[in-house]
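All chains should be built: construct the whole structure from the sequences, respecting the hints.
Chains A and B, in that order, are what the protein sequence lines are.
The numbering of the first sequence is full-length UniProt numbering, which starts it at 1 and goes up by one.
The numbering of the second sequence is full-length UniProt numbering, which starts it at 1 and goes up by one.
Honestly, the hints are just simulated from the structure, not real lab data.
Heads up, some of the hints might be wrong.
As a list, the in silico DSS-like pairs of lysine-lysine whose alpha-carbon atoms are at most 30 Å apart [what the hints assert, rightly or not]:
#1 A/Lys110 <-> A/Lys31
#2 A/Lys11 <-> B/Lys213
#3 B/Lys166 <-> A/Lys31
#4 B/Lys166 <-> A/Lys36
#5 A/Lys58 <-> B/Lys213
#6 A/Lys110 <-> A/Lys36
#7 A/Lys58 <-> A/Lys72
#8 A/Lys58 <-> A/Lys11
#9 A/Lys110 <-> B/Lys166
Beta-carbon label-pair distances, calculated as ranges [unchecked claim]:
#10 A/Thr92 <-> B/Lys435: 18 to 24 Å
#11 A/Met35 <-> B/Leu492: 50 to 56 Å
#12 A/Lys11 <-> B/Val489: 55 to 61 Å
#13 A/Val53 <-> B/Ser475: 48 to 54 Å
#14 A/Thr92 <-> B/Glu208: 27 to 33 Å
#15 B/Ile379 <-> A/Met35: 28 to 34 Å
#16 B/Asp278 <-> A/Gln129: 53 to 59 Å
#17 A/Val53 <-> B/Gln59: 24 to 30 Å
#18 A/Pro64 <-> B/Trp282: 47 to 53 Å
#19 A/Pro64 <-> B/Thr22: 33 to 39 Å
#20 A/Thr92 <-> B/Tyr288: 36 to 42 Å
#21 B/Ser211 <-> A/Thr92: 21 to 27 Å
Residues of chain B clear of chain A, computed beta-carbon distances all greater than 10 Å [said to hold, decoys possible]:
#22 Arg111
#23 Val286
#24 Tyr288
#25 Tyr360
#26 Gln408
#27 Ala430
#28 Pro473
#29 Ala485
#30 Ser505
This structure is a prediction, so every number in the text was calculated from the model and none was measured.
A virtual CB, placed ideally from N, CA and C, is assigned to each residue, including glycine.
Okay, here's what each chain looks like letter by letter:
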Amino acid sequence: MDEIFHFIIGKYNYWASLVLLFIGLYGMIAKNNLMKKIIGMVIFQTAILLFFVSIGAKRGATVPIIEFGPDKQPLLEASAYANPLPHVLILTAIVVGVATLGVALAVLQKIQRVHGTIEEDEVLEDQRQ
Amino acid sequence: MMIDQAPALIIIFPLFISLVLTLAGSLGPRVAYGLLLCGMAGSLLFSLLALGQVVADNQAIHYRMGDWPPPMGIELVIDHLSGIVLVLVSACALLTAVYSLRTAAEDNPDRLHHYYALFALLVTGLLGMTASGDVFNLYVLLEISALSSYGLLARGRGPAYYATFKYLIVGTIGACFYLLGIGYLYIMTGSLNMLDLAEIISRPELQESVSIKIGFSLMILGVWIKMALFPLHAWLPNAYSKAGITTACLIAPLMTKVSVYIMLRIMFTVFSVDYIFDSIAWSQVVIYLASAAALIGMISALAQRDLRMMLCYIVVAEIGYMTGGAWVANAAGYTGAVYHILADGLMTLCLFMAVGAVIYRTGLTSMAAMQGIFQRMPITAVVLVIGAASIIGIPPTCGFFSKFYLIQGAAQAGAWVFVAALLIASLVAAVMFFKLLEIAFFGDPQALEQEAASGHGHGEHGGQPVVARHEAPLSMLIPMVITAAGLIVLGLYTKEVVEFFIGWSIPAGF
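Quick look at the structure:
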């Protein structure tokens, strides 16, 4: 029991991103409202961003800017610095996510204008006619 | 000098052109068309230069972006495999750009330059994905081409919006799975460069790592969604068949082929043959999936009444051929898969162009549009016959040779299910095209005229009376004839292509 507790608590960041991932997938697949599908998509993307951000973080680590010691030598100890690379990657992924969201909202607006609704079953009904 | 920078220019040149195109609105459609042609011709030229250098040196070009050394810097790698895919993509894009003169202008009466800018951006993304030597960079370019394809597909109007929306949701899931897979690999290896990753993953302590296996599974799953492998293909026919004529000609042949190329890269460059076929014992399951894709795709195509819906299901079936070829785990299967990327890119383009010309002239998208096509549009009909012969696999078109390699590979591996699927799918394709050609040859052109007059036509030309001889405009005929000739030329030079290009890219371990 104690071990399972530690297994879950010790890796809470992964569990959080996994839970968000499934909430997002559920929203995209099961929701009838197209706006809610987009919200699900954003949650899904955010889960992956959280995953990447958490793998770069370290307890007690500082910002990744190299400091110089009293003897003018750089203090190069990898464990003292947070890993900047996942954060930089995720900056790009956030931009991609925002662009996708923008395109999705624009297409949704067009669907609303053409079909007069954003409920999936009503759109399909409208297309059949 | 120019040749040293060619790998970067392949990508940067069309990107620059798309930037200029967004600003070129006031200069009129002629200038926009000229700029697009210039951009596509430029990337074809640089692709050929890069491929020429690869063949001359017999080694891959490693181009460092901004001269930052890998594994920290971003690297473009052009070897024999990516070289020929680059030439294929830029050549198909150039032919489609020539073809687009009439259709794009009619589909986009306003803001044609924006349409062309998205066109150039899509090609930039596809070329970038092919040349990238870095898994994260590949993700970004994948999303660039995906986003521009959503923009292009949504220009189809009406029912296209909902189809595009569904494609957007599914495409984003695919790309996110791929990104998550990169995350798993990064945790275990600390690297993103493909060659560096390959070196780290080949170390014995990582061979049994569960994280690496999950990372591989997620990446491959993401790519399968993007390339529409059988159970994940539902988005493709709707999205591609509702698009404008030019958009369908550009996206349908290229997007899925580049995704197959990415699958080959991940399987054989990032991971190794031993890892894929020993540590991850999926190959049997994937071969069954590929066989199902080939069979169900072709049978669904046979059931369609809409011409472009039929072609879209053929694309789904062809994806099955290539996936099966890559997973039978021998050199002949691999050769078949790579050769089929080239052959299928050209033959899908050929068919989409011919059908696009028929739709352009008749305004109908159903089978009825084909009636009496041999009398009305003889050159288009001949192009269609050559494309159909290639899909069925009749020599000397290249479709025969790729299928020959695929069947040889499957037989060597003992994958008889896949052999049977390939043969039955070819048979179904033959039935389908003979049915189509029967309508085309013996159909009565007068019937079409009556149908168009009675208001069954959907397009803008629905009301136009059909005259006896009404060939497609020259700007559409020339790229069509070149593509059809390309199918035969590629078929005749199969031995050289396999020997000089594909032979060099066969991964170690086969």
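Least C-beta distance between arginine 111 of chain B and chain A, which was stated to exceed 10 Å: Holds, since 14 Å exceeds 10 Å.
Restraint check for lysine 110 of chain A with lysine 31 of chain A, where alpha carbons must lie at most 30 Å apart: Measuring from Cα to Cα gives roughly 19 Å; hence the hint holds.
Distance rule for alanine 430 of chain B, whose beta carbon must clear each one in chain A by more than 10 Å: holds, 33 Å
Pairwise beta carbon distance, lysine 11 of chain A to valine 489 of chain B, judged against the given window 55 to 61 Å: holds, 57 Å
Hinted pair lysine 166 of chain B and lysine 36 of chain A, Cα distance within 30 Å: holds, 13 Å
Hint check for glutamate 208 of chain B and threonine 92 of chain A - Cβ pair distance inside 27 to 33 Å: holds, 32 Å
Distance restraint between lysine 58 of chain A and lysine 72 of chain A, which requires alpha-carbon spacing of 30 Å or less: Roughly 26 Å separates the two Cα atoms, so the pair holds.
Outcome of range test on Cβ distance (proline 64 of chain A, tryptophan 282 of chain B; 47 to 53 Å): Hint violated: Cβ distance 39 Å, outside 47 to 53 Å.
Given as non-interface: serine 505 of chain B, partner chain A, CB spacing beyond 10 Å: Label holds. Min Cβ-Cβ 29 Å, cutoff 10 Å.
Status of the stated non-contact between glutamine 408 of chain B and chain A (beta carbon gap over 10 Å): holds, 41 Å
Assessment of proposed distance window 53 to 59 Å (beta carbons of aspartate 278 of chain B, glutamine 129 of chain A): holds, 55 Å
Hinted pair lysine 58 of chain A and lysine 11 of chain A, Cα distance within 30 Å: Status holds; Cα separation ~13 Å.
In the structure shown, a violation is registered for the earlier hints numbered 10, 15, 17 and 18, in ascending order.
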